[in-house]
Each structure stands twice: as structure tokens, then as C-alpha cells.
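Student: Given next are the chains, with one letter for each unit.
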Amino acid sequence: MTVEHVTAPLLRVQNLGLRHVSGSATTPILSDVSFELGRGEILGIIGESGAGKSTVGNAILGLLSPEFQQTSGTIEFNGKAIDGMTADERQTLRGRRISAIFQDHTASLDPLMSVGAQVEETCLTLDSSLSKREARARAIDLLARVGIPEPERRYRNYPHQFSGGQRQRVVIAIALAGSPDIIIADEPTSALDATVQKQVLELLKILVDETGVSIILVTHDMGVISEITNRVLVMRKGQVVEADRTATILDQPRHDYTKKLLAAVPRLRIPTRTVKAEDDGGQAGSSAIDGDQNPLLVAEGLSKQFAPQGFAWGIGRGKPRFGLRDVGIRLPRGSITGIVGESGSGKTTFGRILAGLDTAPTGRITIGEHAFNVSRSGRRSGLLGRVQMIFQDPSVSLNPRMTIGETLDESIRFGGRTGSSKEPADLAAMMDRLGLPRSLLARHPHQLSGGQKQRVCIARALLARPEIIVADEPTSALDVSVQAEIVGLLKDTIAERAMTMVFISHDLAIVQAMCSSVFIFKDGRIEDFGPTEFIFSRSDNPYTRALINARPQRFTC
Amino acid sequence: MPLISVVLGRLSQAFLLLIAMSLIGFIGVHSVGNPVFNVVNIETATPEDIHAATIALGLDQPIWRQYLAFIGNVVSGNFGTSYIYHLPAFELVMSKLPATLELASIAMLIAAPLGTGLGLLAGRRSGTLFDRTMVKASVSALSIPSFWLAMMLILVGAILTGWFPSGGRGLTASFLGQEWSFLTGNGLWHMVLPALALAIPNIALIARLSRSGTIEVENLDFTRFCRAKGLSSRRILLRHTLPNISVPIVTIIGLQFGGMLAFAVVVETIFSWPGVGKLLIDSIQLLDRPVVMATLTFIAVAFVALNALVDLFYAVLDPRVRLSS
Numbered sequence: 033m034t035v036e037h038v039t040a041p042l043l044r045v046q047n048l049g050l051r052h053v054s055g056s057a058t059t060p061i062l063s064d065v066s067f068e069l070g071r072g073e074i075l076g077i078i079g080e081s082g083a084g085k086s087t088v089g090n091a092i093l094g095l096l097s098p099e100f101q102q103t104s105g106t107i108e109f110n111g112k113a114i115d116g117m118t119a120d121e122r123q124t125l126r127g128r129r130i131s132a133i134f135q136d137h138t139a140s141l142d143p144l145m146s147v148g149a150q151v152e153e154t155c156l157t158l159d160s161s162l163s164k165r166e167a168r169a170r171a172i173d174l175l176a177r178v179g180i181p182e183p184e185r186r187y188r189n190y191p192h193q194f195s196g197g198q199r200q201r202v203v204i205a206i207a208l209a210g211s212p213d214i215i216i217a218d219e220p221t222s223a224l225d226a227t228v229q230k231q232v233l234e235l236l237k238i239l240v241d242e243t244g245v246s247i248i249l250v251t252h253d254m255g256v257i258s259e260i261t262n263r264v265l266v267m268r269k270g271q272v273v274e275a276d277r278t279a280t281i282l283d284q285p286r287h288d289y290t291k292k293l294l295a296a297v298p299r300l301r302i303p304t305r306t307v308k309a310e311d312d313g314g315q316a317g318s319s320a321i322d323g324d325q326n327p328l329l330v331a332e333g334l335s336k337q338f339a340p341q342g343f344a345w346g347i348g349r350g351k352p353r354f355g356l357r358d359v360g361i362r363l364p365r366g367s368i369t370g371i372v373g374e375s376g377s378g379k380t381t382f383g384r385i386l387a388g389l390d391t392a393p394t395g396r397i398t399i400g401e402h403a404f405n406v407s408r409s410g411r412r413s414g415l416l417g418r419v420q421m422i423f424q425d426p427s428v429s430l431n432p433r434m435t436i437g438e439t440l441d442e443s444i445r446f447g448g449r450t451g452s453s454k455e456p457a458d459l460a461a462m463m464d465r466l467g468l469p470r471s472l473l474a475r476h477p478h479q480l481s482g483g484q485k486q487r488v489c490i491a492r493a494l495l496a497r498p499e500i501i502v503a504d505e506p507t508s509a510l511d512v513s514v515q516a517e518i519v520g521l522l523k524d525t526i527a528e529r530a531m532t533m534v535f536i537s538h539d540l541a542i543v544q545a546m547c548s549s550v551f552i553f554k555d556g557r558i559e560d561f562g563p564t565e566f567i568f569s570r571s572d573n574p575y576t577r578a579l580i581n582a583r584p585q586r587f588t589c
Numbered sequence: 002m003p004l005i006s007v008v009l010g011r012l013s014q015a016f017l018l019l020i021a022m023s024l025i026g027f028i029g030v031h032s033v034g035n036p037v038f039n040v041v042n043i044e045t046a047t048p049e050d051i052h053a054a055t056i057a058l059g060l061d062q063p064i065w066r067q068y069l070a071f072i073g074n075v076v077s078g079n080f081g082t083s084y085i086y087h088l089p090a091f092e093l094v095m096s097k098l099p100a101t102l103e104l105a106s107i108a109m110l111i112a113a114p115l116g117t118g119l120g121l122l123a124g125r126r127s128g129t130l131f132d133r134t135m136v137k138a139s140v141s142a143l144s145i146p147s148f149w150l151a152m153m154l155i156l157v158g159a160i161l162t163g164w165f166p167s168g169g170r171g172l173t174a175s176f177l178g179q180e181w182s183f184l185t186g187n188g189l190w191h192m193v194l195p196a197l198a199l200a201i202p203n204i205a206l207i208a209r210l211s212r213s214g215t216i217e218v219e220n221l222d223f224t225r226f227c228r229a230k231g232l233s234s235r236r237i238l239l240r241h242t243l244p245n246i247s248v249p250i251v252t253i254i255g256l257q258f259g260g261m262l263a264f265a266v267v268v269e270t271i272f273s274w275p276g277v278g279k280l281l282i283d284s285i286q287l288l289d290r291p292v293v294m295a296t297l298t299f300i301a302v303a304f305v306a307l308n309a310l311v312d313l314f315y316a317v318l319d320p321r322v323r324l325s326s
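Sequences listed follow chains A and B, in order.
Be aware that the first sequence starts at 33, since it is given in the numbering used here, and climbs by one per residue.
Be aware that the second sequence starts at 2, since it is given in the numbering used here, and climbs by one per residue.
Since the hints were derived computationally from the structure, they do not count as laboratory data.
Among the hints, erroneous ones may be present.
Result set (SDA-like, lysine to any residue): computed pairs, CA atoms no more than 20 Å apart in a straight line [stated by the list, open to error]:
1) A:Lys164 x B:Arg240
2) B:Lys137 x B:Ser127
3) A:Lys164 x B:Ser233
4) A:Lys554 x A:Ser413
The following block holds chain A by itself, in its conformation from the complex (with noise of 0.2 Å):
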């Protein structure tokens, strides 16, 4: 390192240390972080929540609410402290100097002011010799420059009419627009679809190599890290507990922090493809799924399709979108089966579909002789309670005034009339099996840490003794070192009970480690399917091809 900084590093961030004040409830949050930024070098900063990285993003940034206080240390940007900055200096410095990229690209801009105007209102606040004119033309050469297609005509349109992957595209534009020595990016592309991810990532890494502009990546994703940065500092309570090389890190982690990061970062296993290929590809997997002659649930035709919330009196309501269209599955019995898509895909609504939360139109669902009536509500149909589900976010999914036991004792009561099984419910063992002390059931959800919260979720769901149990992304509101032991727990569990489940994700790893057989959606439809053997190997649908090539490498083998 020290070979890249003869001079002083851009920035130099010394012994920061800050406490959050509310009341007379004084909480550390950072205690003793330090690292410096080297010119057109990328950052990253990984932890799990409430590691204190995007304080330290927001420290530099000066975006602290008054209730954070500095205890200790210096932060210098060019050899100069600007923690001690008044406020109308450090505005000076944001976006001139430093500027951010935040996660949620929805939330970023303003919804009642069109992408060029905010552009444009950003070069003219940064650059005040600027005509409006000038300023303008300069707008529409970054959004040209961070890929927006057609930026003059685009310029107009309100940030409603663009993709994800577009808005973030505008939120980068502006961040570049008073051509920042350092751009501070908090989870860039956590809220952005894996392929569109990696575009994102590969913009900022040309502009870095463009401009030269050094960027701080926050994220909470090994894999992003892995894909563009140089150099890592792991973060862990408040605290900075390794700092290296990217590579480094990668490979050699000293830390035992580090190391359990990194082994519970799900990996990709592509088996070499076969010559085999050829003469059973495609119609291969179908075969494989329709030759089960006894699944245990069949849905077919499933669809739905959502008129978009319009204005009062029809103004604004545009076409209406496909949720689903013409979606069948089988179950096999005693099998765990993935439905893998981006958002928007339908899989959610699917999912929903099975468990009787939610009603199609047009449909069938069969479990075992019994057909169920999808356009009637579950409750009527006779479908809710027989697939229990088990949602993304614990921390909302859980009751917040009932204490952890009365959530369970209801589901058993539940289920008891509901539930297919005759055999009574044991709560007892199934708290010894999923690990949760006895303890708990006395306490409220808020008591509990994300990854009891939710073990307590598959209790709820085991305990109602369904036949099928909807997963819908169990552990994407999860940390990373707390999703490895939740795939494990469900996956163990579900096994020994010979239950069948459905597992939505959109990560294709945890999906190749749980699944023996796998949906692909798209766009309300089912893009491919087969065994998962097949589909991770052999498949020659290029959208399946574009999921998997959009994984990071590094975590691929």
C-alpha cells in the first residue's frame, strides 16, 4: 500500500470513534476505526447490520443526525480534518468533492421532478458559472455517460418511467456530476436484480478507470466485493477487525470473523457440461418432472394479472401487467423444489397463490384427490392452513403484542383443526430441534435476533402440521452468517419430516444447495424448469445462462 500513496492518501480516516445519544441512553457505535483511501481506489467496507458501515459512510459524508456524536479521532480529506467542519463547509464539499450513492434507487430521486431536471439542478448548484444552457448539455452527457439510452429524449421522463437498473444509473450520473474526488456507495446494488447488478458494477468500475474517482463500496455482499474492489476492511460491531487487500481477504482471511463470512457466502457449483447434452436437452427436464405419475400438489393454468393503481376515475391507470400467465407445476411427494426469479417475475404472487393467501382468476390446484377452487379465497376453498408459509422478513411477520409462545400454541390450535396429520403437535421437541431455549416463549418478537425470529417462523409453520410449506426468500432479510445455519435448519428439518416444500429465492446458490428440482420465471411465465442437476449444467435457455453467468465469479465453481 505503501508503494500506491507516496503522498497523502486522499483520505485518511484516524481512531473515529462516535456514540448515538438519545435521551440519557448513551450507545457506542464506532469505536477506533481508521483506513485511508487512495486516489482511483475502491473500498469496501463489509459487515452484517448494525456493523456501523454506513455510519462511517455518513461520518465522511457529514449526514449525521445530530444525536451521533464524535468521541474520538480525526477524518482528513487531502490533508485537511473536516470533522470539525461547520455545516455550511462540509456542504460545500458534498457532491463537489464527495458525494453518495444510496441503496434504494426507488427512494433516491425525487418523484415529482423529471431525471433531467434533477441532473441538471445538481451541475447548476456545483458549478454556478454555468448557463442553464451549459448546464443542461452537461446533464445530458452524464446520463449518456453512465449508460442511459437516448439521454435527450429520456431527460424528460420522471424517474416512475425508468428500471431500476436505469434510476440507479441516473442516481450515479448525478453523484458524478461535480466530479467528486470520492463517491461513497451504501449497498449500491442491493435493491437491483443480480444481472442488473453486475452492469452496475461494471459502470462504476469504468468510470473509476474513466475519471479517476476513488469510490467507498458499503455492502453487506462478499460477491460485490469480490467483483470490484481493492482493497476490503471487515467490520464487525463498530469495530474494524481486519483491513487487506481484496485478494487477500479472499483467500488468506486471518480473522475468524472474516472466515465465517466467507463460508457462509452460498456458492455456485457449475458441473463441466457434458457432450451428452445434445440428445436430451431441453425436453429432458420436463419429461423428468411430468414422469412423476403421484405428485403430491398440481397447479395448472394459474393466472393473474393486476390492473396498476391508477388515479381516482381511471386517470392514469395504465394497461394491466401479467402476475401470472398459464403457470403449472407438480410437486413431487417428500421433495424440495426451487422457484428462482427476478423481481417482478410472478413468484412471489405464485407462492402466495399455493399457500391460499391470494386468488387467480383462471386455475387449478389438486392436492392429492382434493381439487381446490383458486379463484374462491383460501379460507373458503379449504386451501389456507393445509401449505403454511413461511415469509422474507421475520421482524414483520411475527405478531409484535403476542409473546413468542402464544404465536406458537396458536398455530398448533390452528393446525389441529386445519392440519393434515393426526399425531399431536409437540412443541417441546420442535423448540429442541430448531434450537430455540425454552426460554423464549415467554418473550415478545422484539426481544429475539433476526435469526430466531425466524426459527420461530418454521416452528409456526411445522407446528400447523401442513402437507406443503411455502418458503418465500426465508433468509434474504437475514445476514449472511445467519442464512447458512436457517438453509441448513430448513432444509434438515423438512427432510426428516419427508414434508414437500417450495423454496422461492432468487439466489441461485441456496437454490442449488436445497432443491432437487427448479422453476425459472419470467415475467409471469415459466422460463425453464428440470431437475436442478440439469438446469445448473446443461440448460441452453439463455436467460438461465444470463442468471448464472450474473453471479460473481468468485463465489462459482
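Given chain A, put chain B in place with the hints provided.
Tutor: Positioned in the frame of chain A, the structure of chain B alone reads:
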């Protein structure tokens, strides 16, 4: 073609509203009492006089026949003649309209910018002394009765200091065939106290809305992003926060403005301001059915029009609502 269907839908709704309103108003006035006793001189009238008056007013007919006759007249643009003033009812309402319209407009011109501005500042600095004072003041302004507020304004602004007149419209000037106070200095002077009496509760209401909206919007990512891209707080407040909070504010401005046109009766009475609200209450007391019905119809039409304007404003403001061309 969606625009046409929107307009047609809106018109048919307005039509149903007018039918319902007229039925309720008609039956309401009918069940309060017999207007004949307010038309004839009770002291001197003979039973024959009363009978003749009843027939002259068409009150001998069954109520449904009276209603149908009324509807028939309305369709041909005639609301009937006031029992009391012996003038066409609709013209009577229109003659009172300028006074109400100018008072309500001035009150809203004071209340809307002041309320929005106070709310923006308070929301921007939530938790500060300014914010807490604003919140407390707005609670009191909303909870004091308007007659008390009006009397206090007269006490302080007219009696103790003598700065403003305590009532009446003052000098008026003619414009578009009507008399307006706001065109003369003296008329404007007369308008200050009643306009304040109408504006103060509205300032409080709008400020509350704008404050809570500001707090919500300032917590959104895009205002944080605006700060990160180097915009000044003033620009963020005016160019980004203000448009984003304006939908509920404009809604409430529309509703309150309609309310002031129709129901500012307390303030109009206290300040002897001859407006529509005062006319409505007087007419109800005198059971002057044609005038009551004409006023109610005007109020209903005004509310429908104001709501349409508010919706139009949504579409202008919010690109997501705009028709895709």
C-alpha cells in the same frame, strides 16, 4: 378517450349529488314548518288570506308534486322567487356571492402560504422550540370557537386600538356588474378582521398538515440524497419537499375554501358581512325555500368544481397521475 369518460363520470356523479342534495334540502325545509306564516302578516291576516297565499306559493300541493315542480323549474334555469324578498332566488344568491368570494379568497390567500411556510419550517426543525410553539399554537387556534375568535379580533383590532372597522363591507367598487370591496382601500380595510377570523383556524390546520408532511418527506432517502449531492437546505425545502407535501395541502385548501364559501356564517354575522352563509341561515329561519334550494345548489356545484380543480392540480403536480399520452 379516457379523458372524456373521466369527465362524463365526474358529471354523472355531480348530477347524482345534486339530486340527493335537493331531495334532502327540500324535505328538510318542508318538515321545519310552514313558510306561509312568514309570508303573511300573522297579526292581520284572515284565514282567507292565508289560504290564498298558500295557493299562490303552490304549498297546497302534495310534497312530491311540489318537488317535481321545483325540479321542472330548475331544469329550465329557474329556482323560483324568494318568498320574502320577492326577487328571483338565484339572482339573490349571486348578488351575495361577491362579498363571500372576496372574503374567502383573501382569507385563503393569507392562510395557504402562511400555513404552508410555518409548517415547512416547523417540520424542518422538528423538536425545536419553534416547532413546539407552533404545534401548541395550532392546537389552540383549532380548538377556539370562531365566534370567540371573531369577538377577540373586534375587541383588540377595533375597540381597543381602533385600527380597523368592526363590521360592514365599507366602500365598494363596481366590477363585472357586481360590487366588490377589495377594489377600494376602505373596503380592504374593512376586510382585514373578518378575513383574519376566517384565516387563523386555516393557518393552523394547513400548518399541521404541512409540518407532518415535511417530517415524513425529510426522512425519505431522496432528501438525504439531495443533501449528499450538495444542494442547500433552502433549495431542498422549496424545490423538493414542498411539491412532495402539496397534495394533502391542496386537498384541504380546496375543501376549506368550499366551506368558507358556504358556511362562514358565524364570521359573516359577527362582522355584518352580507355573504352567502348569512343568506342561507336567514333563509332557513324564514323558511324561504327557493333561496335555500338555490344556495344549496350553488354550494354543491362549487364543491364539485373545487374538487375537480384539486384533482386537476394532482395531475399537473404528479407525473405518476398524469395521463399517459
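Student: Indicate, hint by hint, whether the structure satisfies it.
Tutor: Status of the hints after comparison with the structure:
no.	hint	result
1	A:Lys164 x B:Arg240	17 Å, holds
2	B:Lys137 x B:Ser127	13 Å, holds
3	A:Lys164 x B:Ser233	18 Å, holds
4	A:Lys554 x A:Ser413	28 Å, violated
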